[in-house]
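**Q** Sequence order for the protein chains is V, X, H, E, C and S. For the first sequence, my numbering assigns the number 1 to the initial residue and increments by one for each residue that follows. For the second sequence, my numbering assigns the number 1 to the initial residue and increments by one for each residue that follows. For the third sequence, my numbering assigns the number 1 to the initial residue and increments by one for each residue that follows. For the fourth sequence, my numbering assigns the number 1 to the initial residue and increments by one for each residue that follows. For the fifth sequence, my numbering assigns the number 1 to the initial residue and increments by one for each residue that follows. For the sixth sequence, my numbering assigns the number 1 to the initial residue and increments by one for each residue that follows.
Don't take each hint at face value.
The list treats identical chains as interchangeable, and a pair is accepted whether it falls inside one copy or across any two copies.
Distance condition first, Cα-Cα at most 16 Å in a straight line; then the derived EDC-like pairs of lysine to aspartate or glutamate [stated by the list, open to error]:
hint, residue 1, residue 2
1, 160, 141
2, 233, 257
3, 310, 59
4, 76, 48
5, 160, 128
6, 174, 204
7, 100, 312
8, 186, 223
9, 170, 83
Simulated from the structure, these hints should not be mistaken for laboratory data. Here the structure is a predicted model, which is why all the values come from computation and not from measurement.
6 protein chains.
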Amino acid sequence: MKVVTFGEIMMRLMPPGYDRFCQTTSFNATYAGAEANVAVSLALLGAEAEFVSKVPCHEIGQNAVNELRRWGVGVKYVLRGGDRLGVYYAENGASQRPGKIIYDRANSAFALSTPDEYDWNALLSGADAFFFTGIDPALGENVSRACVDALGTAKKLGVKVFCDLNYRSKLWSKERAREVMTPMMKYVDVLLSNPPQISDVLGERAESDEKLFGLLCDKYGFEAVAFTGRDSKSASVNGYYGRLYTGGKTYSSRYYEINIVDRIGGGDAFSAALIYEMLSGVPAGECVEFATAAAVLCHSVTGDFNLVSKDEIGLLATGDGSGRVIR
Amino acid sequence: MKVVTFGEIMMRLMPPGYDRFCQTTSFNATYAGAEANVAVSLALLGAEAEFVSKVPCHEIGQNAVNELRRWGVGVKYVLRGGDRLGVYYAENGASQRPGKIIYDRANSAFALSTPDEYDWNALLSGADAFFFTGIDPALGENVSRACVDALGTAKKLGVKVFCDLNYRSKLWSKERAREVMTPMMKYVDVLLSNPPQISDVLGERAESDEKLFGLLCDKYGFEAVAFTGRDSKSASVNGYYGRLYTGGKTYSSRYYEINIVDRIGGGDAFSAALIYEMLSGVPAGECVEFATAAAVLCHSVTGDFNLVSKDEIGLLATGDGSGRVIR
Amino acid sequence: MKVVTFGEIMMRLMPPGYDRFCQTTSFNATYAGAEANVAVSLALLGAEAEFVSKVPCHEIGQNAVNELRRWGVGVKYVLRGGDRLGVYYAENGASQRPGKIIYDRANSAFALSTPDEYDWNALLSGADAFFFTGIDPALGENVSRACVDALGTAKKLGVKVFCDLNYRSKLWSKERAREVMTPMMKYVDVLLSNPPQISDVLGERAESDEKLFGLLCDKYGFEAVAFTGRDSKSASVNGYYGRLYTGGKTYSSRYYEINIVDRIGGGDAFSAALIYEMLSGVPAGECVEFATAAAVLCHSVTGDFNLVSKDEIGLLATGDGSGRVIR
Amino acid sequence: MKVVTFGEIMMRLMPPGYDRFCQTTSFNATYAGAEANVAVSLALLGAEAEFVSKVPCHEIGQNAVNELRRWGVGVKYVLRGGDRLGVYYAENGASQRPGKIIYDRANSAFALSTPDEYDWNALLSGADAFFFTGIDPALGENVSRACVDALGTAKKLGVKVFCDLNYRSKLWSKERAREVMTPMMKYVDVLLSNPPQISDVLGERAESDEKLFGLLCDKYGFEAVAFTGRDSKSASVNGYYGRLYTGGKTYSSRYYEINIVDRIGGGDAFSAALIYEMLSGVPAGECVEFATAAAVLCHSVTGDFNLVSKDEIGLLATGDGSGRVIR
Amino acid sequence: MKVVTFGEIMMRLMPPGYDRFCQTTSFNATYAGAEANVAVSLALLGAEAEFVSKVPCHEIGQNAVNELRRWGVGVKYVLRGGDRLGVYYAENGASQRPGKIIYDRANSAFALSTPDEYDWNALLSGADAFFFTGIDPALGENVSRACVDALGTAKKLGVKVFCDLNYRSKLWSKERAREVMTPMMKYVDVLLSNPPQISDVLGERAESDEKLFGLLCDKYGFEAVAFTGRDSKSASVNGYYGRLYTGGKTYSSRYYEINIVDRIGGGDAFSAALIYEMLSGVPAGECVEFATAAAVLCHSVTGDFNLVSKDEIGLLATGDGSGRVIR
Amino acid sequence: MKVVTFGEIMMRLMPPGYDRFCQTTSFNATYAGAEANVAVSLALLGAEAEFVSKVPCHEIGQNAVNELRRWGVGVKYVLRGGDRLGVYYAENGASQRPGKIIYDRANSAFALSTPDEYDWNALLSGADAFFFTGIDPALGENVSRACVDALGTAKKLGVKVFCDLNYRSKLWSKERAREVMTPMMKYVDVLLSNPPQISDVLGERAESDEKLFGLLCDKYGFEAVAFTGRDSKSASVNGYYGRLYTGGKTYSSRYYEINIVDRIGGGDAFSAALIYEMLSGVPAGECVEFATAAAVLCHSVTGDFNLVSKDEIGLLATGDGSGRVIR
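Generate the whole structure from the sequences, applying the supplied hints.
**A** Next up, the structure:
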């Protein structure tokens, strides 16, 4: 199974423990980005994951590549050039104090890369699936056009397309997002997005989630729609579950109560595990249990990347959430 | 708005994470003290906060000053001299294991400073409020007399006085505290203290909190009495709320369940926010919600200082305790 | 009170915080092992604790000795020689992600030590109790025979024997464990083990715990049987309690809900506190409350060793689990 | 003595110890920039130092302000707005391996600030000196024009101007630097720059340093020219000295051999100490000894800021370089 | 250029900074081993480097693989199985205190791997060179026989063989080393070893180094012999140089004085760079300058791996050892 | 061999690496004091070392005891009581920047302990030697009188007395020191002090060191006088040597050039090693080589304690200062 993901990889700078930005004297550096997160999860699950992106030709850029390589992601399609690697600062929340993210990603090597730098026929050759998110086109005209090229080629080559709407209000307006994303939907096979975001970006609403998803599948030809839900009791404790709509039916995962170590990346862990299971032909009910278990575990791992194994996810998905020490 | 606070600033030495004193090989150093904590909160809220104290003329003493300056507290009234900066060792509790504090504050530069070193007419000139706590007089005769001088001058200059009883059994007996504190009460406009402490220090009891506060306001002419309550389920989880009695009525905050990062300083955060709101003329109900939200957030921040912004407090005070990541 | 414990001490290597093995760049090093853990607890409680073992003649081996010495354990019976100190890698679990242990203890100095190296008449002279666990014989023929020698000598010298079955499937099969452990039981005065483990190792089952323990006491002449129970809600939150069966009756501790800092070593903390209390002639009900409180506190301390004082255990055992800061 | 400095403050991210960019998992964060470095040194020396700049309205921007405030620099002229704080990554060199710096400062709040945001009449009012460097105009047209405005106002108000040419090839070409910097020279009273840089930027050369400086003083009316020289034996050991040309004579400092802790900021430490001494009316020979001693000490302090006291500099300047422990 | 290296990869555990084993509470973990070190250097230089080895199927084993992958080493020939990853503990020396290494590598997955697990025809197919060291056969009969198989296949396939004698007295006696290594020499094309080691292992001596190397080339058909020399002034400062004998002539590098950050791995860095240069057809004099520069830089990098770029080595090799900061 | 040392043990708080007091956010905690340092060295050399002191009954006090116990020092004579453990803050120097120490030791449990708390007949029973330093009496009347008691008892019991003058100007004046120390000299067998200090405290001067020592031996009956000399080139590099005068002759050690890791404790390491060697009956020339080698190694170890083995000292004393890695 070969999956190509296309997106930005950033350096994530985080104060240690629960330190706030204002009090830290150091930052832990990891590497992250929705599409890179998905690629790492896929590689850890055993898929051949190729990451398409661009990073600057200096040590910080190379660090991002080395980190992907460390986890087994293919990096031969990562272009070099441009001036900077995007950065995001993340502050861990706790109890009633929310986590915080400050983006410093403008003018990154990836955001300024141009459509002609990507030869999608080559990049997608032999791929089973292509994954991108709404963050890609939100980075600007260049990346947006590169997405359109990728989608056309994917369709042509019979590569299945997974898209996470991933709306980010800091990057663009809902209006602009709708304008750009809507025409892309016809190329998408599986949509990852929850009802409020679907309303914001695609402008679709319905009286129930199931009706909404049915409507979307009819309109855009989606094979499936999936999302995760979160009951934010506090920054430390969340309720969590996943949903998958396909073949006219909704499949729900178990409901988890999570003591959070690191909130970021859960949705990407879900996407990756869902892609892996769907491409493996697993039944829908198992798909959503597995993908949700992956996302739940991601909350217990520092960093965006979901550094867990297929066996660990499987154990939780099939029911053991006791957390007993494995000797 | 200008507020003068008077008290000791100490170095706080804490093992990292949940390490116990007996196993640590290093201590994180922050700077703390009830009145300094209040000054920092006030400065972060936007008030002009002046801290009156004394520290030794060496690097450890200067560190305390630099740290106050960093957060915008005025330090021009911090005297230099004496031999040592008081120190307190703090061990974080967890679950059924309580936190622990070992004080090593005797003979500090501040405790040995003399009343004639403080020119209260100058120090309080232009101030809207003066804040001190029962720790000040507990440090000994010298500081106690300086407090009396300050109170007299405050009254004379029309500066509103806020006092936190802050009884510390390691520093003095209840009897001695009562003897010293009671005569000071007539200068106090707003008392910060809970019923058990009021009973210990002022010797007043009543069949209900409201009656007790009414009685105190009658007896000492307090404009208001306020306190925070804590249900200590364990060292990790606490229930928490605030109360403000004024104009014959009691105003209560929402009730919070807190996952604790650092327990120390919550009461000071409450005091500071209450001072800020009361001086701003905010209605009593909003005052107590805001002050309690400030105190709640303080439990999520390492160190005594409540390193949060007015906006962050406002957000929680007006209802969003979901802890969702702010991007 | 003098207690001799016999077993392996290992270096425990653990990534900081909640980091996973796969992402860590450093390991915190502590020293651990069921019998060493018990010795340290006993020394901290005030008993004379002698540890009998063998470590290699290099710095890593000496570190283990120094660490025991630091906590007041007698180390004059720790032999030197062999090639390596056993190591175990421990990864902290969180929420739904279980903790993990990787053992690398084969061929340790202790596992390869021979029965003739231990002069039990000297080692047990003047001792009130001897403690060992099922891990000892599981390390191989040599240590197994040394245990048999020790048990015979203990009986001869009137030294009370405490044994924790401590079955480890990575070290031996249930069949082999049963074959080796069963004949040792006649020397044991107090058995520490829960019903499932008793079934696995001793092959005994009954319709209730009380009946099972009665049956064991009859068959092997145990004075008492005790164990701790754990409701693993997740790797972060556990329910916990202790039981002691003696004189035909079962005594239960209070039930605790624990927010876990470090899971490992709780059972050993229980054993040590129980030994201490039983040898002190404390009534059974108090024994189990005290021992369980010790085990509960152990969950709040990083490392295997239960670095708490007798007073701290007493405070929790007699009812104060509020975790309020002790100033 | 009041000195106004104008420039960018950046966050400096550095791997711990001698770790390379490619192997680090964390960065120590300090705040830096030639003009900010000078402001901090001046404040530590006892001058009133005001820093004029612009930082974004988020926590990372505020950190830069808090850090300046901590050391006593006036920050009331630091504007807020824009999107990002410039960042530079610094890798410590060792032995034959050179240190490395990666700049990521484009599009910073300061670089994009416009001349009309700076009211120089107010900003320079009451100042004794104004300090800027060639980095300012190198950041672009906007800052360049702001410099020209500042210089005109300084001249008008009789504020003495100190300028460090500080040529950075990553920011602009020599040709562009010459074009922009040359017309500014007529406003400058004291030039800080070495002969090779003078040749690059101002295009002036002479057969000896003394002749070159004489020529410059004649041409531009400089009161003095000063610089530090470095014999780079390796990244760990450097020879170091200072020179000051004024009144037709060259004054040289002692020659130091330095074991380097942190190379960056030495020149700024020299500039600040020289400004302080010259404004204090100290004789030229003492000025250069003091300023060089300041720069030498800066090599022993981690971070750009020269966190040393006037007394410490004085002690070294007057001859004690023994490094004996001060008890 | 494709180079296959065959050997053990271990986890290296090192106390931070200059801490001694006896005082450390944590170990920094890196991964190392002579042949792995060479593979990483080759990958960083741009060669296709394949590492042949065996690691256990658990996280610690996988970490070693991930780390190699991170630096671009091919890991598809790393077998899985066995029980443990070898470990070595390293203590940094300083001044007159020597560094120390404690090996705990017996019974590793690699040491117990059997010759039949390695299909050398496949492993060496397409390779330009094969690298192994005397540590391989020192690990025991199994690995020794695997080496013999590899050497035969290399000869058959025309793959050039580089061998570092790397005698380790902790692993085997000189006599046993001579017995095993001597027959392997006829397969070796380039020998990496200094005269004392050659005397110990191969039993050859001569009145000058040049005569010794001539004799060896005659006897075994070596194309070249090379080594590095070290003048150990202290654990902090070493003199260092390289020598290459080929075509009847000796080529010497410049002489360096090094301030040491981390001593270990320098020889492997030399070997890798020499292999790279010789396979690239670079003249002998340049080869030895480049290889020595690589080894010198390795002393400035923490960990065994020589994490430097080809450009950085080239810069030093061609003469710039000033260590000036690169901006 | 049993040696009793009498003195204060303090907590030493030091910023990590070369961080200055003013910039640190944490302190590494070790335990130290001249007499405790000597006790630890003696224990590591294999002597029975008993430490006589007093520490407070809280965790910080117990930490000091645990640390001594860890290194094998006898602690049964460490009294409990009083309020605080003395603290000293130490800042590492580098290059031209001197190290710095801030003492905060007044009113420690030890300084306030009274002569009647020490039963010298019991404490010194069976001892071969007694060691104290001039810091003891400098702490005040109480400790001073305890010293006099100890000296009398030592004489009576035939216990050899070693005294390091250790003059500290922060604790007392030269005049006071002379008044107190001079009468103690008649009890001293071996004096550890250099000529300038002898002049300051004992008021003795002579035209050569040898004459001075001869004069002292005549006057006070010293068996020997010894000291170490230091050429402080900078805080990073020192020349170093030892001298021992006995039997009318001066014995000098080799001269070392040291790259300093941690300067503090070198003199105590010398004293301890000298005591050990002299009590072992080693010839004077070997004594001073061994003692100086111990002191030299101490400069390479972080913390006051000289954590080196007898073998390591012996290796350096007999000539190997190459610092080559020991595998």
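**Q** None of the hints should be skipped; say for each whether it holds.
**A** Structure-based check of all given hints:
1. 160 / 141: neither (24 Å within a copy, 49 Å between copies)
2. 233 / 257: both (10 Å within a copy, 10 Å between copies)
3. 310 / 59: Between copies only: 13 Å across, 32 Å inside.
4. 76 / 48: both (12 Å within a copy, 14 Å between copies)
5. 160 / 128: Classified as within; 6 Å inside a copy, 41 Å across copies.
6. 174 / 204: Intra 13 Å, inter 58 Å, cutoff 16 Å: intra-copy only.
7. 100 / 312: Result: close only across copies, 11 Å inter versus 29 Å intra.
8. 186 / 223: within (11 Å within a copy, 65 Å between copies)
9. 170 / 83: Between copies, since 12 Å is at most 16 Å while 22 Å is not.
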